[in-house]
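Full structure from sequences and hints, please.
One rule links them: number in the working numbering = place in the sequence shown (from 1) + 701.
What the hints contain is simulated information worked out from the structure, not anything from laboratory work. All values reported here derive from a predicted model rather than from experimental measurement. Honestly, I wouldn't trust all of these hints.
The list that follows gives simulated cross-link-like pairs (lysine to aspartate or glutamate, DMTMM-like), each with its CA atoms no further than 25 Å apart [to be verified]: (1) K1090 - E828; (2) K1091 - D1108; (3) K1089 - E711; (4) K1129 - E1115; (5) K1089 - E1100; (6) K1090 - E1101; (7) K1018 - E764; (8) K1095 - E864; (9) K1136 - D1116; (10) K1089 - E1115; (11) K1140 - E1208; (12) K1023 - D1084; (13) K1136 - E1115; (14) K1023 - D1108; (15) K1023 - E1115; (16) K1027 - D1084.
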Amino acid sequence: IPSVSSIVPESCLLIVVGLLVGGLIKGVGEKPPILNSDIFFLFLLPPIILDAGYFLPLRQFTENLGTILIFAVVGTLWNAFFLGGLMYAVCQLGGPGLNHIGLLANLLFGSIISAVDPVAVLAVFEEIHINELLHILVFGESLLNDAVTVVLYHLFEEFATFEQVTIIDILLGFFSFFVVSLGGVFVGVIYGVITAFTSRFTSHIRVIEPLFVFLYSYMAYLSAELFHLSGIMALIASGVVMRPYVEANISHKSHTTIKYFLKMWSSVSETLIFIFLGVSTVAGHHYWNWTFVISTLLFCLIARVLGVLVLTWFINKFRIVKLTPKDQFIIAYGGLRGAIAFSLCYLLDYKHFGMRDMFLTAIITVIFFTVFVQGMTIRPLVDLLAVKKKQETKRSINEEIHTQFLDHLLTGIEDICGHYGHHHWKDKLNRFNKKYVKKCLIAGERSKEPQLIAFYHKMEMKQAIELVESGGIGKIPSAVSTVSIQNINPKTLPVERILPALSKDKEEEIRKILRNNLQKTRQRLRSYNRHTLVADPYEEAWNQMLLRRQKARQLEQKMNNYLTVPAHKLDSPTMSRARIGSDPLAYEPKADSENLPIITIDPASPQSPESVDLMNEEPKGCGGLPPSPEEDEEGLVMRVKEPSSPGTDDVFTPGTGDSPSNQRMLRCLSDPGPRPEPEEGEPFIPKGQ
702 IPSVSSIVPE
712 SCLLIVVGLL
722 VGGLIKGVGE
732 KPPILNSDIF
742 FLFLLPPIIL
752 DAGYFLPLRQ
762 FTENLGTILI
772 FAVVGTLWNA
782 FFLGGLMYAV
792 CQLGGPGLNH
802 IGLLANLLFG
812 SIISAVDPVA
822 VLAVFEEIHI
832 NELLHILVFG
842 ESLLNDAVTV
852 VLYHLFEEFA
862 TFEQVTIIDI
872 LLGFFSFFVV
882 SLGGVFVGVI
892 YGVITAFTSR
902 FTSHIRVIEP
912 LFVFLYSYMA
922 YLSAELFHLS
932 GIMALIASGV
942 VMRPYVEANI
952 SHKSHTTIKY
962 FLKMWSSVSE
972 TLIFIFLGVS
982 TVAGHHYWNW
992 TFVISTLLFC
1002 LIARVLGVLV
1012 LTWFINKFRI
1022 VKLTPKDQFI
1032 IAYGGLRGAI
1042 AFSLCYLLDY
1052 KHFGMRDMFL
1062 TAIITVIFFT
1072 VFVQGMTIRP
1082 LVDLLAVKKK
1092 QETKRSINEE
1102 IHTQFLDHLL
1112 TGIEDICGHY
1122 GHHHWKDKLN
1132 RFNKKYVKKC
1142 LIAGERSKEP
1152 QLIAFYHKME
1162 MKQAIELVES
1172 GGIGKIPSAV
1182 STVSIQNINP
1192 KTLPVERILP
1202 ALSKDKEEEI
1212 RKILRNNLQK
1222 TRQRLRSYNR
1232 HTLVADPYEE
1242 AWNQMLLRRQ
1252 KARQLEQKMN
1262 NYLTVPAHKL
1272 DSPTMSRARI
1282 GSDPLAYEPK
1292 ADSENLPIIT
1302 IDPASPQSPE
1312 SVDLMNEEPK
1322 GCGGLPPSPE
1332 EDEEGLVMRV
1342 KEPSSPGTDD
1352 VFTPGTGDSP
1362 SNQRMLRCLS
1372 DPGPRPEPEE
1382 GEPFIPKGQ
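Okay, structure coming up:
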C-alpha cells in the first residue's frame, strides 16, 4: 500500500504488526515470545552493523570524523549524566514508589536510554533520503556511541554490586573507555587483514569467497564481545579494512553475492527486531509510573536538544562548512531510540535492580514515541524546512578526476605550509598502502595496476581472440587499437605489452611518470617562521642603498620646488573681467614687444596648467647689463605657440634656448624672490612700482 508507507515509516508498521501478532497469540491463550537479549546481540544485530560498516561512505565519514566523535562521545556522556541526575532528583521528590531508586541505578538507566540507536536511524533516514552530511553525522554517531554505552552500562552495573566506590574505581572506569573502544577497533582491523589475505588465495574456489567475508566478520564481533570490548566497533573496523582488498581479489559474481546477501540479511534482521519489539510489549511485565515515564520522555528530549545546540556551537568554530540551524534541528530530531536500549535493559538482573520492569516500561514508551512521533513527522518537516536531499545519481568521471586532483593539490599546499592536516595524513596512508600493504594483500598484477586498466587489457584480449576465431583478421574494425592487433595470437603473447613506436626503456619511463609521479615522495620543507629565518648578508647593503636613493630623490624634489616657477593658474572668466576692470592699462598691448620675454601657450589644451611652456624668458639685460626702467615697466606679453611642422616632435626637438647656459639663466630669472603683500585699496595687478 504505497499511500500508507509514504506517510508511516516501515519500522512503525512492523511494530504495529508485532503488536497485532502478540495480541493474537495472547488472545488464544499462549505465551508470546519475548525478544531475548542473547538472540538480539548474537544473531540479529551483527548483520545490520556489518552491512553498515562494509558499505560505509568512507570519504564523508573520515572528513566529518571529529564532529561525529564529539557527538558520539561527549554528547552521549552528557545525555547519560544529565538524564541520570535529573531522574535521581525526580525519584527523591516523587513519593514513596520511587524513593528506593538510588543514584547508580538512575545513572545506569540514563546510560541505557541516552544512546541513539543505529537500527532505528537506518530505518527512518534511508526512507527520507536526507543529504549525505546529515545522514553520516547522525548514523555515525549511532555507530560510534556503542563504546560509550557499553562502558557506562558495565561500569554502573559493576558499581551497583560494590559496597563503596573509590576514586581508583572511577579512574579505572575512565581508562576502560579507551580499552573498550580502541580494543574493538584493533580486533576488527586484525580480522579485516586476515580476511583480505585469505581472499588472495581463493581464485580457484570462487564459490566460497563470500563465506570468508561473513565468517571472519562474525568472528571479529564474537571475539570483541568475548572480552567485553565494543563488538559494533570491531564489525565496522573489519568491514572498512577488508573491503578494498577483498573486492580487488574476488570475482564480480562474488562481489554481487556479498552485496545482495548482506542487504537481504540486514533487512530480515531489522524486520524481526521491530516485530519482536511489538510482541515483547504485549508479552512483557510492565510497571507503569506516570511521574517516572513522563519525566524520562521529557528529559530525553531536553537533553538531546541542549546537547546538540551546545556541541554545534563549539564545533562550528572549527568547521569550514558550518552546521546551519536547520541541520541542528534535524540532528536533534533524529536522535531515535531502539531495540539496543530495550535489550540492554532486559539483561539487568532482578537481584540488583528490582525496578527493572519500570525501566522497561519507560524505555518502551520512549522507543515508541521516537519511532512513531518523530519518525512519522521528520519527513514533512524536512520538506517544510527545504532541507537538502541526497543526490540519487552517481558522480561522473569528470567529478571523480577533479576530486582526486583537488586532493593532490591540497596535499601539496599543506606540505608547502608545513601544516599537518588530514590531507597530509591521508596521502601518507595512501602511499604506505600502495607501497607495502597492497603487495601483501592483493594477488597478482592487480596490486600494481589499476582495476580499470586491467579490465581494459582483458577486454582487448577477449576481442582479439574472438577476431582470430571468427577468421576476421583481414577485416579488423577501426575501433580495435594497434595493441589489440599485436595481441591477436595468444600463444606468442609477450609478457610485457610493447607499444609499436616506443622502445622498452621509453615505455617504462612513461609508465613511471603516469603511475608514480603524482605519488612521488616530496621533500619536507620547513614551515615559515620569522624567528628562524636566516639573515641575508646583502640585506644591510641593500637597505643602505635604498636609503641613499630615497635621500637623493627627496633633495632633488626640494631643489625643483625652489627653482621652478609654479604653473600659472587660469582664472575663471568672471575673475578675468574683474581684474581688467580694476586696471585696464595693465592689460593693454605694448607697441614694442620684439625683445620681450614670451610665454607660449599650446592651443591644443588651454585649460591644462601643464600646457604653459617657457620658451623664451631672456630679456635684454641678461647679458650682464641691468634692464632699463622702461622695459621693466612693460611686463610680459603672451603669444600663442605656432604649430610645429609635420615630421617634427615638439617634445624631443631642442629649441633655441635649450642649451645648458640658457637653462641655468632661465632658472635664475624664474625665481622672482619675496614680494610684499598688496595693501588694501591697491589694484589686483599694479602698473609699476
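Item to check | Structure versus earlier hints, numbers of those that do not hold, lowest first | outcome: 8 and 10
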